[in-house]
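Student: Start from chain F and add chain V according to the hints.
Note that the protein sequences, when read in sequence, are chains F and V. Numbered according to our numbering, the first sequence spans residues 941 to 1032. Numbered according to our numbering, the second sequence spans residues 1194 to 1466.
Honestly, the hints are just simulated from the structure, not real lab data. Please note: incorrect hints may appear among the correct ones.
Unchecked claim - Taking CB as the label site, the calculated pair distances span:
| no. | chain 1 | residue 1 | chain 2 | residue 2 | range |
| --- | --- | --- | --- | --- | --- |
| 1 | F | Gly974 | V | Ser1354 | 18 to 28 Å |
| 2 | F | Lys957 | V | Asp1444 | 26 to 36 Å |
| 3 | V | Thr1446 | F | Lys990 | 50 to 60 Å |
| 4 | V | Ser1445 | F | Gly949 | 56 to 66 Å |
| 5 | V | Ser1294 | F | Met941 | 17 to 27 Å |
What the hints assert, rightly or not - Derived contacts from chain V toward chain F, CB cut-off under 10 Å, selection only:
| no. | residue |
| --- | --- |
| 6 | Ala1276 |
| 7 | Gly1343 |
| 8 | Ser1344 |
| 9 | Leu1356 |
| 10 | Thr1366 |
| 11 | Ile1370 |
| 12 | Ala1372 |
| 13 | Ser1374 |
| 14 | Asp1375 |
| 15 | Val1420 |
| 16 | Tyr1429 |
Unchecked claim - Chain V stretches covered by chain F per the calculated footprint, using a threshold of three residues with CB under 8 Å from any CB of chain F:
| no. | stretch |
| --- | --- |
| 17 | 1257-1270 |
| 18 | 1299-1305 |
Using N, Cα and C, we set each Cβ at its ideal position, and we do this for glycine too.
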Amino acid sequence: MKVYKVPNGITREDLIKMVGNEKSRLNPVVDAKGNLFISKEEFNSPEFQKMKEIYSGKLGEFELIDYEPIEFDIITMKYKKQINSGVEIKNK
Amino acid sequence: MSTQQLLMSYGVTASSNQPYTAEFLTATGIADATIISALNQLEIDLTTAGLIDYNNPSTNKFNALYPMVGGTASTHKYNFLDAQDTDTAFRLTFSGGWTHSSTGALPNGTNGYADTHLSCSGNMTVDSTHISFYSRTSAGSKANYQIYDGSFSMALAVRYSGLGIISDKYFPTSRIIVANSDGQGFYLGTRPSSTSHVVYKNGVSQGTSGITNAESLVNLDFYLGCVNFNGSPSEYTDQECAFTSLGAGLDSTESTDLYNAVQDFQTTLSRNV
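The shape of chain F in the complex, shown without the other chains:
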């Protein structure tokens, strides 16, 4: 599965401020390598054209990368790998 890596210089906070035509929102998250990304559905959605107009080509291009999820064990209820950026997930 491919996702779009968010260029350096654009923060998660920048992106989550944007609201789509149907009041939907972007949800930039961090993968297992620490990349902040948005999905292809979000990137290609017409309701987020504004986001692309503002950022793409000005602060860097969104790069298509392979999605590598942070793995979670629902039996032990622990994350197998901790990433300390973006959406904070802390094991108890």
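Tutor: Same frame as chain F, but now just chain V:
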């Protein structure tokens, strides 16, 4: 006397919409005759079963019920039982990647989820809770709902990859896990009492737990399509939702009635599995 005859005796004609349906149609702008017929029949079936009562909504067995009709985020977001575009009405806020269509709402499995704005402790009653989910996806994935604070967990996964159906209510030792080779169907995890926890697939009990609950509910909102881990969305699923509800515990008769109503609803819409 048939349901239709009974309604007509109260002055409700065949062309009238049921009250919740009428409000939902006004909010969504849906005009499709098949959807309108399906919603009216759903409301009649749930009312006849005693699961909802427009004139006495405090007795409704649902905090939120999302029929996922109309094919867009703008129509899928509404709570059928309180069709207002507000958080307090438990209107869904979609985030991340979703595909909306006439068959339901499909999250992408990487970052798509929807905040119900429905708090477990703020809006539900301990030892009387349920989660239902109509899945049109066979393949395994992650949890369709889960709230987790490090100890308390309330969850429903229709087919968790490698494990099967998972229902949490509300502590690890009462977890139900049942092998499931096909994720499609209508799933219901319910705790109707402190000593009963049951999970159903298509109206048939798949597993039970009689361990007495001693937990209190936690103040976390339910996120459709992922885990709400202490306020952070994570662990995203990619199973298509064609109906889902959150509410009070349901006994076996109510569980059967809900399944029958939902399956008839899906059949009318030609999206039953």
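Student: Against the structure, test the hints numbered earlier, and report the numbers of the ones violated in rising order.
Tutor: 2, 6, 10, 12, 13 and 14
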